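Those protein sequence lines, which keep their order, are chains A and B.
Numbered by numbering that gives the first Met the number 0, the letters in the first sequence go through residues 0 to 147 in order.
Numbered by numbering that gives the first Met the number 0, the letters in the second sequence go through residues 0 to 147 in order.
The reader is advised that the hints may include incorrect statements.
Below, a list of computed lysine to aspartate or glutamate pairs in the DMTMM-like style, where the Cα atoms sit at most 20 Å apart [to be verified]: (1) A/141 x A/63; (2) A/54 x B/110; (3) A/78 x A/125; (4) A/26 x A/131; (5) A/66 x B/5; (6) A/78 x A/15; (7) A/66 x B/130; (8) A/54 x A/7; (9) B/79 x B/67; (10) A/43 x A/92; (11) A/43 x B/5; (12) A/130 x A/15; (13) A/43 x B/25; (14) A/79 x A/15; (15) A/79 x A/125; (16) B/36 x B/25; (17) A/66 x B/145; (18) A/66 x A/15; (19) A/26 x A/80; (20) B/94 x B/81; (21) A/66 x A/138; (22) A/43 x B/65; (23) A/141 x A/92; (24) A/54 x B/145.
Please keep in mind that the hints were generated in silico from the structure rather than gathered at the bench.
Quick caveat, the model's predicted, so the values are computed rather than measured.
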Amino acid sequence: MATMNEAELQNYRISDWQQLLTNLYTKVQSWIANRDCAVRLVDKTYEFNGSGRTKIQAMLIQEDAIKMILDPIDWDPVKKEALVDLYIMPQYDSGARFFFGLNDWRIYWVNPQILPVSEFQKTDEETLLNKENFNTLLDGLKQNAVSL
Amino acid sequence: MPSRFDWHSQINSVENEFRANRIALEFLLPRLNSEPKELREGLSPRIFQHVINNLERTFFIRIFAEFEGCLRSYYSSYKKTEPMVSQLIDSIGSKSKMPHSRIAAVHLIRESRNQIIHIPLGFASAVVNLESARSGLQRYVAFLPEIW
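Working from the sequences, and respecting the hints, build out all of it.
This is the structure in structure tokens:
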């Protein structure tokens, strides 16, 4: 059986990370399609476990005067787990953190100044990131981002 | 080419490192107090309390250094001189057509950084708040071009 060398393996893992992000951004765009949001992708550098750098993409979202960025933080190619943060721009206040694991994106943490935890009827498990929850987050951001 | 979003991430990562350090030290200190024999190199639990007390000041210097690195990277893309940081802040602020309030906010952060560096502990009057410093620095950086 043919085996991948280290460079091929790394490319494979980076392309996995990029594909995961592309899928997330596509979902998010469909979830906010009914809102008056402007969306675009921007490049950022990702350091791959000290073994090199690559370009990945972050997603800028703007609704009215509120700007946000979905900022990829980390990716574990072995466990297939990932973290993406939602920051409020331009000050880069943390809004929420999303976690990918077991083939689903979940809301791992929400800044309590934006939304009370009860908004998501939080249980011991993290809440699934879906259309309803993402839009609830954006509504909370629009209401409270200015006071952060 | 450097991306502004990379610098945004690097500035935020300093604040995240500060939080991680604080959590780790607060977790460690009670254990060291109860089992001081685990300490090596002649250290006492008391020094760890000092580390906790000074942690925000230490990271304040680091976050400003990251910000200064961003400014010098941008400035070197169009000029070959190496001005003092206060001139750098004014020069880039003027070139980027920033509101005066943004530039003034960063000068206040710079002055706090200077107090931490030059004035002995206990004599400095600067109020050190890493979160608000990060916010002020990020708001300034947001005026720079996306790539340079």
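Determine which of the earlier numbered hints do not hold for this structure and return their numbers in increasing order.
Violated hints (numbers, rising): 2, 12, 13, 18; every other hint is consistent with the structure.
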